[in-house]
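A.B. asks: As they're listed, the protein sequences go chains A and B.
Quick note: the first sequence uses the working numbering, first residue 1, plus one each step.
Quick note: the second sequence uses the working numbering, first residue 1, plus one each step.
Treat the hints as calculated values from the structure; they're not laboratory data.
Mixed in with the good hints, there may be bad ones.
Since copy identity is lost for identical chains, a pair holds within one copy or between any two.
Listed next, the in silico DSBU-like pairs over lysine-lysine satisfying Cα-Cα at most 30 Å (straight line) [what the hints assert, rightly or not]:
1) Lys240 <-> Lys396
2) Lys70 <-> Lys216
3) Lys71 <-> Lys215
4) Lys261 <-> Lys240
What follows is each chain in one-letter form.
Protein chains: 2
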Amino acid sequence: MLLPLFLINPFNMHGKNQIGFALSSNGELMQKAVNPATGQFLSGDFINATDEEIELTMERATAAFAVYNKKSAEEKALFLEAIADEILALGDALVRRASSETALPEARIIGERGRTMGQLKAFASHLREGSWKEARIDLAQPDRQPLPKPDIRKMLVPVGPVVVFAASNFPLAFSTAGGDTASALAAGNPVIVKAHGAHLGTSQLVADAICRAAKKTGMPDGVFSNLNGKGYQLGTALVKHPKTKSVAFTGSLSGGMALHKTAQERAEPIPVFAEMGSINPVVMLPKKMDAEAVQLADVYAGSITLGVGQFCTNPGLIVALDSPSLNDFIAQLSLSIKKILPASMLNENVYKGYVAARETALAQSGVTLEAEAEGDTVNFEGRPTVTSVSGEGFLKNTTLQEEVFGPYSLVIRCSNKEELLEVLQSMGGQLTSTVMATEADVAEHAAVIEQLGNISGRLIFNGVPTGVEVCSAMQHGGPFPASTDGRFTSVGTDAILRFVRPLSYQNCPQSFLPEELKDNNPLQVWRVVDGVRNNGPI
Amino acid sequence: MLLPLFLINPFNMHGKNQIGFALSSNGELMQKAVNPATGQFLSGDFINATDEEIELTMERATAAFAVYNKKSAEEKALFLEAIADEILALGDALVRRASSETALPEARIIGERGRTMGQLKAFASHLREGSWKEARIDLAQPDRQPLPKPDIRKMLVPVGPVVVFAASNFPLAFSTAGGDTASALAAGNPVIVKAHGAHLGTSQLVADAICRAAKKTGMPDGVFSNLNGKGYQLGTALVKHPKTKSVAFTGSLSGGMALHKTAQERAEPIPVFAEMGSINPVVMLPKKMDAEAVQLADVYAGSITLGVGQFCTNPGLIVALDSPSLNDFIAQLSLSIKKILPASMLNENVYKGYVAARETALAQSGVTLEAEAEGDTVNFEGRPTVTSVSGEGFLKNTTLQEEVFGPYSLVIRCSNKEELLEVLQSMGGQLTSTVMATEADVAEHAAVIEQLGNISGRLIFNGVPTGVEVCSAMQHGGPFPASTDGRFTSVGTDAILRFVRPLSYQNCPQSFLPEELKDNNPLQVWRVVDGVRNNGPI
Chain A
1 MLLPLFLINP
11 FNMHGKNQIG
21 FALSSNGELM
31 QKAVNPATGQ
41 FLSGDFINAT
51 DEEIELTMER
61 ATAAFAVYNK
71 KSAEEKALFL
81 EAIADEILAL
91 GDALVRRASS
101 ETALPEARII
111 GERGRTMGQL
121 KAFASHLREG
131 SWKEARIDLA
141 QPDRQPLPKP
151 DIRKMLVPVG
161 PVVVFAASNF
171 PLAFSTAGGD
181 TASALAAGNP
191 VIVKAHGAHL
201 GTSQLVADAI
211 CRAAKKTGMP
221 DGVFSNLNGK
231 GYQLGTALVK
241 HPKTKSVAFT
251 GSLSGGMALH
261 KTAQERAEPI
271 PVFAEMGSIN
281 PVVMLPKKMD
291 AEAVQLADVY
301 AGSITLGVGQ
311 FCTNPGLIVA
321 LDSPSLNDFI
331 AQLSLSIKKI
341 LPASMLNENV
351 YKGYVAARET
361 ALAQSGVTLE
371 AEAEGDTVNF
381 EGRPTVTSVS
391 GEGFLKNTTL
401 QEEVFGPYSL
411 VIRCSNKEEL
421 LEVLQSMGGQ
431 LTSTVMATEA
441 DVAEHAAVIE
451 QLGNISGRLI
461 FNGVPTGVEV
471 CSAMQHGGPF
481 PASTDGRFTS
491 VGTDAILRFV
501 RPLSYQNCPQ
511 SFLPEELKDN
521 NPLQVWRVVD
531 GVRNNGPI
Chain B
1 MLLPLFLINP
11 FNMHGKNQIG
21 FALSSNGELM
31 QKAVNPATGQ
41 FLSGDFINAT
51 DEEIELTMER
61 ATAAFAVYNK
71 KSAEEKALFL
81 EAIADEILAL
91 GDALVRRASS
101 ETALPEARII
111 GERGRTMGQL
121 KAFASHLREG
131 SWKEARIDLA
141 QPDRQPLPKP
151 DIRKMLVPVG
161 PVVVFAASNF
171 PLAFSTAGGD
181 TASALAAGNP
191 VIVKAHGAHL
201 GTSQLVADAI
211 CRAAKKTGMP
221 DGVFSNLNGK
231 GYQLGTALVK
241 HPKTKSVAFT
251 GSLSGGMALH
261 KTAQERAEPI
271 PVFAEMGSIN
281 PVVMLPKKMD
291 AEAVQLADVY
301 AGSITLGVGQ
311 FCTNPGLIVA
321 LDSPSLNDFI
331 AQLSLSIKKI
341 LPASMLNENV
351 YKGYVAARET
361 ALAQSGVTLE
371 AEAEGDTVNF
381 EGRPTVTSVS
391 GEGFLKNTTL
401 QEEVFGPYSL
411 VIRCSNKEEL
421 LEVLQSMGGQ
431 LTSTVMATEA
441 DVAEHAAVIE
451 QLGNISGRLI
461 FNGVPTGVEV
471 CSAMQHGGPF
481 PASTDGRFTS
491 VGTDAILRFV
501 RPLSYQNCPQ
511 SFLPEELKDN
521 NPLQVWRVVD
531 GVRNNGPI
């Protein structure tokens, strides 16, 4: 059982900006935290950062970069592990605060805390292994004709200060010490977090933890900062700042594109890795549907409503051929959806966004309401909803391709295989696509599955898109508009690749080469030497 | 000895657009080719592509993608090798035409042809080796608690049609079948080349060769196209086209940034890999300068004027501490520069650009003309020039950081170490930086060398920046404004990484997995399986 908050919380909800190791609150504007499930204010007045505080933050980050950049892989790994330890040390106070600010159940927050710590530790291991720097060595050939070949060695180096926009739907795993922060720090860059306005207290607690970890492990002042402010104003100032070298964002299409535009209009354009809207189509192929309509409906009722539908990978579209078994599927899905209780969404904005988007979708010509959860809704509760439309109706109306962020899914009844393929060809980029199929379906519908691969970052067979494994092979990011840059992932160890660039050394003395490129390969990293992969010395 | 052109040229200079395998000339506007060394017109009326022809080109490329994407690595490798063979088979006709259109000596064109063929063959080898797709496999753990772990496998896949802007300064190696085309084709994407207006005939001959190679090796119609048109108009249309998925460009900062802006303003933003301006600073450290002033001057007189200074990596800035040996260096450099004969530049635009930029540089306060080549200049000949300025003068005037594209270099006399570091800190991103140093200099001036690394894609020790080795460890691209995206290279086998994205497969049946991800690893590519690198089966 959790103790009452005032007894267990040793931390003052000071509401200040964390600028490197210093707390600062020179501003006059402030925000309060709200419990979305009760509408009541939570403790803490969160002071917005002033322009001068933003400037100071960026200066401190730039100064820290020169020092942090040179820390060894082991030193950085210890820092990341210390962050995980400090987060755990926040104990119930963090769990309670995060749960109160987001309406997410405490059990979910505890699970997410484990994931967040797991991510930090995964990057620590990745640093210790070291091969991610993609060292390549082409040895000199002084006697080559007509010109001698120089010695050229290349590896990845960090880019500089990274601004991270915390996401609302994962107040730990995609927020202050989430995957973006972990990967940017692992790459060797200082991080400046724009705290999410809907969980400012959670962000403060985690920022405190990160700074304690930084001090304990000897990291420079400025390696991490956490600022409060109004989204657009603070976000724009951070992205425009000339000392910012890269940006990571998870959120809406409109938010991500506004930041992308701002970043491209700078004198020095910088990348914005925005993970944005996705409707995550699920194609149910005929033999699978005929065999398992009822089971599929039960599995998908769960996936559509998991976490009140507030996952980037929520299955927003279910595509199938019209058939008696599709009717069975819809009937069973409707039964399940009606019985699922509405639950509070993350905050007022998310709730209002869901209500409006759901209403817009329902108002579209040809869209049938198949089922919605019964009962009254209070306190920003989102109502689980399933609708349907014909393939023809879907193809005629691009509004139906817009994400309805929440517990909502649209079933598309296609009249034949050609129409089904056309429906998929009409879609923009997606984080995920899923195919529910027997082996015979896979063989018969290869073109459909290939098309799903063409538009997606991850192609799932006989599963649900919700649930994003943190691992080396994960791709979380897809062709536009799922991401601004589908060549990178925001989940898994490859997320580090967003925040580095290659640097070649030509005829560099051994004394000046980084460890990863020295002849004797002291870190035993895997390298490509004259085209041959190995992890030994030269 | 080369035969007269009319005897050896078996190819009709038809001047048409190559749209897939078809030649098309529906337009009314046309361009003529000019010999910059004589001012005379060359054979061929080059018909500009119409909007309908552009549309047809993009449709054909998109259709070709679906087929080409599925060709095996071996099939694509044979295609690239066939292109190299067909280019060689063009024989003297190509050499003569390229030389006449660019004023580059025939020996240089022959060398560049070798490099171009070498690039194509290097990508063929890279495809056959196969490990570049960065396959990662995380095996399932069905018994994991609290949730089973799915099987996830990831590798790089092509993005779709790539538009390549041919560069003027390498009419073969950075043009129609140059590194951008070779890497985009190797990645599995169709290519549409915007022919450079200053070597339209060369582009036509090479486009013909590519299409012959495509037919001989069974590649789909539309895998390659070559269009003529006015730079801004055709370029904008191609970048705006919704079927274009990526763009490669080598040229001016203004040209690259205009394309980047256009690409970011699309409904679906796409990357523009623009390799743009760079002044490639060279720092001459004191002990090296004291020991070898005269030799350094001779080496650099050659590098500054190589190819009439028309290399992206031309050393435009020489930075050193003021000293008697710097005076010796400048005196010797001046002697050499005065004796170097002016030579025709690539075309009228390049020549006029050089004259104007040189004039602007000479007019800046505090800039001293140290030496210029003697004698009259005719036929777009660029006059080798060396100037100098104090460190203070350089820091006060950002105009001096602008590239003077041609045989020009500015020597910066710094009054002390701090000023030298400040000069380097004031600079934008560079393709290359060079340090001329003894071992003692390297130890003593680590901060200077680190700063050069911070701003550059390639850091050269005791050499010249001109000359870009085509190899695995090469980085040709640097922080902005050297490139729009310093995370990628346009030279060397890693150039392929610009035109791919990762795709994850979750719980995918073996039958549907690409060869690189199958359990038995039939292609024996290097993969990371559950964190362990190996090239065997699972």
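A.B. asks: Confirm or reject each hint.
C.D. replies: Structure-based check of all given hints:
For the identical chains of this complex, Lys240 and Lys396 are inter-copy neighbours only, at 24 Å across copies versus 39 Å inside a copy, given an alpha-carbon limit of 30 Å. With identical chains, the CA atoms of Lys70 and Lys216 are at most 30 Å apart within one copy only, with a shortest distance of 18 Å there and 53 Å across copies. When the C-alpha separation of Lys71 and Lys215 is checked against a cutoff of 30 Å, the pair qualifies only within one copy, where the shortest distance is 14 Å, while the shortest distance between copies is 54 Å. For a Cα distance limit of 30 Å, the shortest separation of Lys261 from Lys240 qualifies both inside one copy, at 10 Å, and across copies, at 16 Å.
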